[in-house]
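Reconstruct the complex from the two isolated chains, following the hints.
Here is what each chain is made of, one letter per residue.
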Amino acid sequence: MSTEVAQHSPGIMHVFGAPALSEAALGWWLTVISCAVVAVVTIVLLAALMRRRDAQEGGDEAHRRKPVAAVSWIYVGVSITVVILIGSFIGTMVTLAHASRPSTRSPLTLDVTGHQWWWEVRYSDSLASDGFVTANEVHIPVGVPVRLRLHGADVIHSWWIPELAGKTDVIPGQVNEAWFEARTPGAYHGQCAEYCGMEHAKMAAIVFADPPAKYEQWATQQRANASVPADSATKSGEFVFVRSCGACHAVRGSGAEGRVGPDLTHLASRTTIAAGTLVNTEGNLLGWIGDPQIVKPGALMPKIALSGRDAAAVVAYLRTLK
Amino acid sequence: MSATLVGRTPTPAIVERLERTWETPRGWRGSLMSVDHKTIGKRYLVTAFVFLVLGGLEAMMMRLQLAQPNQHLLTPEQYNQLFTVHGVTMIFLYAAPILSGFSNYVWPLMLGSRDMAFPRLNALSYWIFLCAGIFLYSSVLVGQMPNAGWFNYVPFSGREYDPGLNIDFYTLGLTLLTISTTVGSVNFIVTLFKTRAPGMSVNRLPIIVWGTLTASIANVLALPSLTAACIFLFFDRRFGTHFFDATSGGHPLLWQHLFWMFGHPWVYVIVLPAMGMVSDILPTFCRRPLVGYTFVALATVATGILGFGVWVHHMFATGLPVTGMSFFAGASMIIAIPSAVGVFSWLATIWHGRPRFTTSFLYMAGFIVLFTIGGVSGVMTAAVPFDWQLTDSYFVVAHLHYVLVGINLFPVVGAVYYWFPKMTGRLMNETLGKWGFWLMFVGTNVVFFPMHRLGMLGMPRRIYTYAAANGWGTINLVETVGGFVLAAGVLVFLVNVFVSLRRGARAGNNPWNGGTLEWSTTSPPPPYNFAVIPIIASRHPLWENELGEGTGRSQLDRGFLLTEGRETVGTSPLDAEPDIVMKMPADSAWPLVLAVSLTVLMYGLLGESTWLFVLGVFGAVLSVIGWLWPEKLHPDETIDTPAGELPTGGQSVHSVGWWGMSCTIATEAAFFAYLLFSYFYLASSSTNAWPTGGLPKLGLVGVNTIILLTSSVVLEWGRRGIRSDRLARVRTGLGLTMVLGIVFLVLQSIEYSRKTFSFSTDAYSSLFYTITGFHGAHVAVGVLMLGVVLARTFWRTPTARRHEWLTNASMYWHFVDLVWLAVFTSLYITPRLV
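So the protein sequences, as listed, match chains A and B. When we follow this note's numbering, the leftmost residue of the first sequence carries the number 1, and every step to the right adds one. When we follow this note's numbering, the leftmost residue of the second sequence carries the number 1, and every step to the right adds one.
Only chain B is shown next, with the shape it has when bound in the complex (with noise of 0.2 angstroms):
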């Protein structure tokens, strides 16, 4: 159908219409409340930046400390907080928000949209990543930062062993960092799906976009496991359960677990899209398309699937069964294989391609040299027998910095020189890139590749110093001299940045001559992004021309005008047909306000102070009030378009809203499934009586059950009522839920009171309480969901064809009692069947 549509001219009336709606006011209050996409991405960019020079001063003065046997630069305690935090801030607070700041601004570019799906999410996004970084960077004004190593394993996590603030810090900061990415991942996913120019079908879409999108879906999959470790750990330190006590039914290993069923897939979202922006780059500069574009889109996907199925390869020393480690070792090597595909996929680029020698492209292609070194001495680590010599050495370390400096760092400053003239309309030096990148690539390898062979040495990882006797010295001296080569480079680099933001030649709309759309735009993009939304007709709209007949044609500058308001497309999700105008938001402070409030919450809980707590309560109830208010919204209205009418907002599958309640739904789903199995590790490790107290009791949990599942009948018979206009049935249908889920949770407290064990009794107690209690949880934020969407009838009445908020609330209703059905099932039936 988008091959027919005829697109409109705009006229400079309507691109000042356009200008005026979109842009950000001036001054400190724009500023702030502005929901850009390109200025969201600016400020993760530079905010990323900043973590990126933390956490390299940090490294410098390990490097520093480490490079003679036996010095004292550094106590003891602050070398371990330093790897921690050094740890902590690369993996957490640069390599993830980095790509998420370029993937932020370039999207809508690519796809020919005016801007992310939730533009006030994305700000929230940005706002709760500065609050949580500054939160844990907050832990130097007491002398207490995480000392426990990135990955902060029990027992020495524990409160027993590290009595201190430094892991509540760790603990209270990764779990607001979680809500940042869980939030930014839902908006990649449904700006997706949802909000591309018309014509724009998947396997037309830049490999960054696929390389975003798998590290998304993987993210709202697999961060729910961190969030779960931390609330155990943080229940453990502060109110004494047992999750991870091994005297009373709990296990050392679960957090081991937990943490790298999030940590491993992890690993792929801080690679993924940098590998995405190499495929997108190298063919600029090699002056043709990528070779193999759908193995490439394909094996990008794959890594991501197979992410999940690989991260007991962390715990290969642990004592675990010699059968299971064989499966994961083998998916360990598997994984190499759509790796495999990239690296061949990029050398037939530039091999039949013409090589335009620009910063950008040596970075990319150093990179390849890079993803090479680091991707073997992962398969050498795959080899469970080697492995046990290799874990927790120097040869981690290198094979860890290969693939983090190679793998994310090199395309990341090599997408700088890129996108730079896009973002600030000037080109950066190339003469000083050209230094950059000579002393970043010898410098990396000269700090990294001798670790492996301190590794195959025998040093241990995480050691504040070292014997002269082992022979260990000269080469640790080496790589602190390269480190420093390093550090030089990547100073030139951001001096580059500083002097080209004043002085850089001035660059046009595609100073590189690229073939996607976002060079189609002016540098800097208005505010608008496009004047009109394009019509999309093959791969590499710009292209066209010179890949000769036989691609289609888009129209680039005739296309959806959309000017009442902001608006922009919403599209089919595969074969991007337009289906729906969405209508975007006004600039907001309410991200920003939520934002604080959470972690003012989380300074509540850190320093055990109930009034900073309710205080962030109440900021953060506020701030979801007047987010959520409903404003002077657009009626059930429908659009014309090039496509015909189309309505705003769109129903169900049509409209953002579903979209973005179904990823809600998939990221609490997978939280339940890291409880669960919890339970089930435990039940299955625990040598303590299991259940504590006998098996549990039905009558008033079965009763309970069958309440709740009456209710999503009662519901949905009452949401059904919309069919025919029948306010009256969907009224009592959301009242009486609301009743029978408040009867739920009254019973589940009798349940709870006659319950001989307390939460601090042993870890089938602690599990007991955290999994029914979140469940509660969920059906309390349920019961209050129902009572907006009802009190919302009165205001603004749904009708047959417009009632997305009763949907989408049905459709959580709905989950919360399936879950509900996976608890029971597990806590009460299961103990039963064994």
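Chain A with its partners taken away, still in its complex shape (with noise of 0.2 angstroms):
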């Protein structure tokens, strides 16, 4: 397979977004402080090894010592331990006090649903009256807290963007609520965070934060019907893809209405497929297509036998889904 996903580097304390950043500032002090510890432990232990004593400590005997002396440093020792959790606690129950919940409702929410090995993510709109669905790439408001309901639709998963927030497990009998607000416009790379199965190292998701008047662009253009096909190419090109893939995916005004897979109305529109392991380029599509199982080996997506010029109408249909 060809070309790889742009260079990006998602972290957990260089972060862009709420409450990433509360819980960076935690991480930044215990990670200091964890330090410390450890080159103060390193630094005593040191000495402690190489510090010289005197030759009149007599020859190879145990030794009583002033028992109150050295017994000291465990009083120390853990004084100042103690001191230091403290700190640790009350940081960490402030922390959670701004995590746990915006400071502002939300007025978008997001119901996203893990599936094996992919994201499906509904919008329901507070302020629209019709929402939509996509797959594995979100596109949010800048400066918006947004709600996430997390909803397991097989085995347990866990949804982690780290540069917005912590990650939450998807959990199948109950809905877990989560929230993230981008600061800075950018685009967002997370992958599944708990061990699902096979293609568990391949199940990424984007978040792309725009200005709000590029995001409204986008829910518009996504909330609308997939384009009707222009040319007979197109048009047959779609036919094929309703008979051979129908069954599994939608493109909402074509006649393909399964929800095994990804929703692919608005396909072109996203940067990668196979939730986030390939670019959406025509060959990379052309490839996927032709054998799932070669770019995410026990991918539920079977290889569907298609002539050459049927996977090439299909592929070109598809690019025309933007």
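Treat the hints as calculated values from the structure; they're not laboratory data. Using N, Cα and C, we set each Cβ at its ideal position, and we do this for glycine too. Hints may be right or wrong, so weigh each one.
Among chain B residues calculated to face chain A with C-beta under 8 angstroms, some are [as the list claims (entries may be wrong)]:
{"id": "1", "residue": "Ala329"}
{"id": "2", "residue": "Leu457"}
{"id": "3", "residue": "Pro460"}
Okay, the calculated bits of chain A under chain B, using three or more residues with CB under 8 angstroms as the criterion [as the list claims (entries may be wrong)]:
{"id": "4", "region": "21–28"}
{"id": "5", "region": "84–93"}
{"id": "6", "region": "215–227"}
Listing some non-contacts, in silico: residues in chain B with all C-beta distances to chain A over 10 angstroms [said to hold, decoys possible]:
{"id": "7", "residue": "Thr9"}
{"id": "8", "residue": "Val291"}
{"id": "9", "residue": "Val653"}
{"id": "10", "residue": "Ser712"}
{"id": "11", "residue": "Gly735"}
Okay, here's the thing in structure tokens:
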């Protein structure tokens, strides 16, 4: 398979959203304190190992030492430890208060369903009457807290976009709530963080934080049905698609209404396919459709037998689905 | 009283008689039948090291696959099996058994005893461990090794998503292993409380003894949670029950709670004894006693207790209520305090001591650094909102390897260098040792330290590959190199073991000038350990001269002779006042036969083969009968010792059987507690109607409850007859209780037949039948036990002074009745209160 996804470095300390910012602040303090503790203990150990001892401490014998002086190590050490732990706990509780809910109400709710091995994302927007569904790539407006409801369709997954928020597990049988808010526009990458089977490693998600106007533009486009095929080549591609792919995939307006796999109504607006595994190019689409098992062994998408012409037609059609 | 005992000295004839009585005959028969704790201990060590190597090879393969992005050295399925089996092997088949091996070997020598309290049980725990390891690894022959991670979360490990045999190997193999570990833990607990040299009071015990004792008590209370979880999963997979099935009243998080209620105490099981080894070995090489002994002993116990209150920190990302998580965050931070006690004690001991830089010492010193790193990263993950970023990432992989490699492997290797001379009579090579240490220390840090950073860069756990765009490639490559350095260090260590076995310099009794009792024996010790059981007067019996006046004076060359067959002294639990003479069993094949039978039984369950299952049951029953068959037993006699006439075997709290039964009751009580926890957890989380079929009727079950409670009264009445030697009353009581027990079981079956739901209807029904079913099984075992005791009264008359079988069986029966009260209240009464 050809070109890789663009370079990015998701991280938990260099972050661009809430609650990741307050989590990272706590994390910096804990990291600094932890490094200090390790440094102090190591230095004391080295000093203890290398310190000069008087020759008159005799030969190869056990010694009586002033017991009080020696035991005071424990009193002092434990006291310092307790102070550090109290501080850590207070910091934890303060951060927890910030991180567990947004400070303002969320106008936007995303229902994220974890599947083996892709993410289904439904938008229900309190401002518009109809929502829409997409997969793996999510757009949100900058500066708006977004509420997430996490649903499990099969096994436990975990939704994790490190630069925006810590992770929350997706557990069948309960709906977990989470939230995030991007403070800066950008593309924020993440991937499933709870072992969920064969292709757990290839279940990525990207959150694009757009300025509000651009987000509205995107949302309006997503809400619309698929563009009607303009020419006969595209039409025949649509025909093959509905026949061969429609059982599992939906493209609103085309007749394909399958719900087993991701909704592809606006596939061409996404930067990646196969849950972030491949860049969304013609070549990669051909390769993926040709044999998903080469890209993601164990993927639940079967190898559909298509002639070369049909495959090319389908891919051409898919690339019109902006 | 021990202070006034005057010991007796052995003659050469006595020593020769001891040698003959205690030695294991040569040849394969003797070898397979041996119950000598030294043999069993060494077997544990060798076997656990084999599993360490296997686990290490699995790790190396994973590190090669991850060294660069998008590699194809392993398929995803292969990788997923590897990381699962690596975890299972290291945590279950290496980390705990290696500590059992050391404790097994060293405890009786440190405690001044001739063997553990239950030598045959000791052999059993080893054989089951070996069989369980073979059972788990036999899955490779069908290419279906466990593949859902070492903590095996549902629903992925359920029948729908993992239909092959992989997870059945896991549940059955681990259940088998929990039997081994439980049995071994009971042995340690009873040995500690009963089988010490006179005068070895609890404040004179080496810290490894405190560590293993704490770990053993934790095991007894925590292992049943894993057993319950595995049983539930096995039932879900094979019989269609619904413990973990959210659509039918179950819940996937029940698995996580049960697993981690076991799993967290378990991680303290695999480090506390090792920390104890550090606390005992460091002082030898610092040429002074441990600083703050009492604090360290108490900190060990405190860690074990607190370890039961932190399990939810493995579940911080599962959507639990914030208030609850705050409690567990706090507890997870508090548990760092006893650890700090240890660290500062060790630093102080080095500072105020005069270190000798032997290889063993280097491992103990290096351990302090690794312990600290693992400890602080643990506190970082205890901070809930930051843990939301850290959990399930490579940061946790870094943390867990620092605590496991740092707090288990390093002290273990250091302990090998320390006790190898005692076990083999030869010293290990110090040059090779130092090379090995530095390779291991550098390698450990190079492979695991960068994982903290990788986690902070967003790399999740358990991924078989990653995209180049993430920027994780270089760090992974460095880690792989570090992994090979660590492996080289382990290899050097193993080579050193083999070379030194053949060509190591001869060691005397006490090459390190240690202060504890094991250094008073020869290297290796004779089969009987001590020609005389010594009389102890201080914490460091071999350092009493140097530590100066004020400490007592132990008697090491005179003491208790005990030469009529295999005998050792039994003492009171805290002060170690001698109170009985323990008659120890001869070598036996039954432990091996029982272990193999249980394994065959597990294969029968695995392959759904009735004849294998029946064969296993038959073998197990036969072994238990053979094991308990009354031999030409000691009559109710007393033996002359320096502490006066002591009875053989003793009665109630003086007898090891009473302690063994008490521990068994404790672990079974814990098992039912976890079953009832599961009931209340699902009752509160289920959206289905609960109970299924409406409130359970109280008529029949009420009668049954009265029957069972009456049986306890009847049994007590019968049992008390022995105080005035009224055998007829005893026998009547036993017989009537058995009848009442059988009536209970019959009425229980009628109750079952009246229920409108089956085993696999929904979660409530699954729980109902499982809980009452296990209770019924305990009643059936109780009836059998009472029958055996009743039969025995015709063969070997119990007397007012000696009737342990009767006492122990009665304890068990009363326990089973109490459990019924809890089950009845939970299942039949509490739904009416809601």
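Hint check results:
Interface restraint check for Ala329 (chain B): the shortest CB-CB distance to chain A comes to about 6 angstroms, inside 8 angstroms, so the restraint holds. Residue-level restraint check for Leu457 (chain B) holds (minimum Cβ-Cβ distance to chain A is 5 angstroms; threshold 8 angstroms). The interface hint given for Pro460 (chain B) holds, since its Cβ lies 4 angstroms from the closest Cβ of chain A, which is under the 8 angstroms cut-off. Taking a C-beta to C-beta cut-off of 8 angstroms, the region 21–28 of chain A contributes 5 residues in contact with chain B, enough for the three needed, and the coverage statement holds.
With 6 residues having a Cβ less than 8 angstroms from any Cβ of chain B, the region 84–93 of chain A passes the three-residue criterion, so the hint holds. Coverage of a stretch by a chain is defined here by at least three residues with a beta carbon nearer than 8 angstroms to that chain's beta carbons; for the region 215–227 of chain A and chain B the count is 0, and the condition is violated. Consistency note on Thr9 (chain B): stated as away from chain A, and its beta-carbon is indeed over 10 angstroms from all of that chain's, at 27 angstroms minimum. Annotated as non-interface, Val291 (chain B) brings its C-beta within 10 angstroms of a C-beta of chain A; the closest such distance is 4 angstroms.
Consistency note on Val653 (chain B): stated as away from chain A, and its beta-carbon is indeed over 10 angstroms from all of that chain's, at 35 angstroms minimum. Non-interface status of Ser712 (chain B) relative to chain A is upheld: no Cβ of that chain comes within 10 angstroms, the nearest being about 41 angstroms off. At roughly 50 angstroms, the least C-beta separation between Gly735 (chain B) and chain A is larger than 10 angstroms, which holds for a residue marked as non-interface.
Going down the numbered hints, you'll see the structure goes against 6 and 8, while the others check out.
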